[in-house]
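The numbering of the sequence shown is the numbering used here, which starts it at 2 and goes up by one.
The hints are simulated quantities; they were obtained by calculation from the structure and are not laboratory data.
Quantities reported herein were computed from a predicted structural model and do not represent experimental measurements.
Backbone N, C-alpha and C fix where the C-beta goes; we use that ideal spot for every residue, glycine too.
Errors might be hidden in some of the hints.
Keeping only pairs whose Cα atoms sit at most 20 Å apart, straight-line, the calculated EDC-like set for lysine to aspartate or glutamate is [said to hold, decoys possible]:
1. LYS395 - GLU449
2. LYS38 - ASP120
3. LYS254 - GLU70
4. LYS146 - GLU180
5. LYS67 - GLU170
6. LYS85 - GLU180
7. LYS146 - ASP98
8. LYS254 - GLU71
9. LYS38 - GLU136
10. LYS38 - GLU94
11. LYS67 - GLU149
12. LYS85 - ASP23
13. LYS85 - ASP178
14. LYS395 - GLU438
15. LYS85 - GLU172
16. LYS67 - ASP49
Here are the in silico distance ranges between beta carbons for each label pair [stated by the list, open to error]:
17. ASP176 - ALA229: 37 to 45 Å
18. ALA229 - ILE63: 18 to 26 Å
19. ASP98 - PRO452: 35 to 43 Å
20. LEU305 - HIS406: 39 to 47 Å
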Amino acid sequence: MVVAPQPGSRSSFLYPMPVHSDLDMGRVNDLLERHWKLNRSAVNADTDVLARYLADRLGARIIEAKSGEECLTWTMPNHWRVRKGQLRRLSGEVVCDFADNPLHLWTHSIGFRGIVSRDDLLANHIQTDPSRPEEFLYYYRNGYKPAERQWGFSLPHRLVESLTDPQYEVEIDADLDREGSLKVVDAFLPGELPDTVFIMAHTCHPALVSDGIGCIAVANELFHLLNARPRRRYSYRFLYGPEYFAAAAYLAKADPETIATLKFGIYLDMLTTNEPIGFQTSVRGNSRVDHIVRNVLSSHRPLLIERPSRALWGNDEMFYDGPGFNIPTVGLGRLMHREYHYNTDDLAHVNHYHVRESLWILSRVVEVFETDYVPVRGFDGPLYLSRYPQLQAKVPALSTSAASHRLLMLADGQASCQDLAQTLGLDYFQVRTFFDELVGLGLAARRERPPTAADLGSDQVAPLLAGR
């Protein structure tokens, strides 16, 4: 059994950058409380409200794709406008109201007003889960089927069992048309290199928190941390939009020069739940972003949860790390949680410790990209450790003769700190701290690590490409 981490479970190693105490939980809560319960279908005025809020807070641009527009092989969804959605008894008593929770109405329900029989209602227009009688599900499927013209309600089974009248009144005042446009929020932070690390999360999924908007809240905090850095080596791009469709729209509309700068992607999913965190690899599984995320997670947690591409969650990474683009893109997320696609994925189930943990892990990943360098050894022979007690104080795990000998043997002036950590199965931050001390003692020099073709990974060990 995998147990979710508790606040006291962190490694005792003192990282150069402590766990972030400057996460602005007020900013996180403002985003969530304002927007989580909006009817955030793919193309919808409520989703536009969130997009404008994000663009304003991040100084981002909004890329638009009209409903019905073809992007790659994907058709942008119809615009859905809901003014009212009620199920009533003939006495006028309201059984279910879209105004209480948008999950009550099936996504992309068409307008309908009339009397329906109980049998027709239960057989064709109600979704429920008898195993969880107090909860109700998110009915999302029609949002991905442009030709569907249905309507329906999602209800807790306890309520369904009370529907004993022979007839019911339905009033759904809704339009499904092509008058809107899908919005992609594109926030860019330039660095010294054009090479760009891009972070993604989705704006859709009405009245759900961890499945989308909670990940945006975490990513925004990373944006603010990066924006505050006096120097950025890499460039960073934050892309938010409805899942799948946003990736198709962005890749279809961005100019080829911009797409060419996208080197490594990280898609965020389910970060605010109670479950343990893990990652799914890129398609190749051996790119630089794979190695960095793997190192950070294995150093941070006693158990590394790693899945191959599309085996943890499958989302926009399928586009960027897909045919014709092949940009190494990993997924960072938590394991399947009980609240997934139920109305209980709400504010009450946000794990605030995991919000902080998720940001901390992302900040560690970024810190590796930003601070990795090639150490150039300035001496020959084994290091006389007794002369340098500060190594014992700063990095006790590497201050033994055997440990330092292995590390220094591989420090040939070609491998970076991350390369060495990966080869030896060590924590990057311990390796970097070790060489930082040697540089400070005049025993080593540092050289910038240049991007290489090998950073993008090799097809040789790609399980997905091998058909496994």
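Now for the hints, and whether the structure bears them out:
no., hint, result
1, LYS395 - GLU449, "23 Å, violated"
2, LYS38 - ASP120, "31 Å, violated"
3, LYS254 - GLU70, "11 Å, holds"
4, LYS146 - GLU180, "18 Å, holds"
5, LYS67 - GLU170, "35 Å, violated"
6, LYS85 - GLU180, "19 Å, holds"
7, LYS146 - ASP98, "24 Å, violated"
8, LYS254 - GLU71, "11 Å, holds"
9, LYS38 - GLU136, "16 Å, holds"
10, LYS38 - GLU94, "24 Å, violated"
11, LYS67 - GLU149, "19 Å, holds"
12, LYS85 - ASP23, "42 Å, violated"
13, LYS85 - ASP178, "16 Å, holds"
14, LYS395 - GLU438, "8 Å, holds"
15, LYS85 - GLU172, "7 Å, holds"
16, LYS67 - ASP49, "13 Å, holds"
17, ASP176 - ALA229: 37 to 45 Å, "44 Å, holds"
18, ALA229 - ILE63: 18 to 26 Å, "24 Å, holds"
19, ASP98 - PRO452: 35 to 43 Å, "55 Å, violated"
20, LEU305 - HIS406: 39 to 47 Å, "26 Å, violated"
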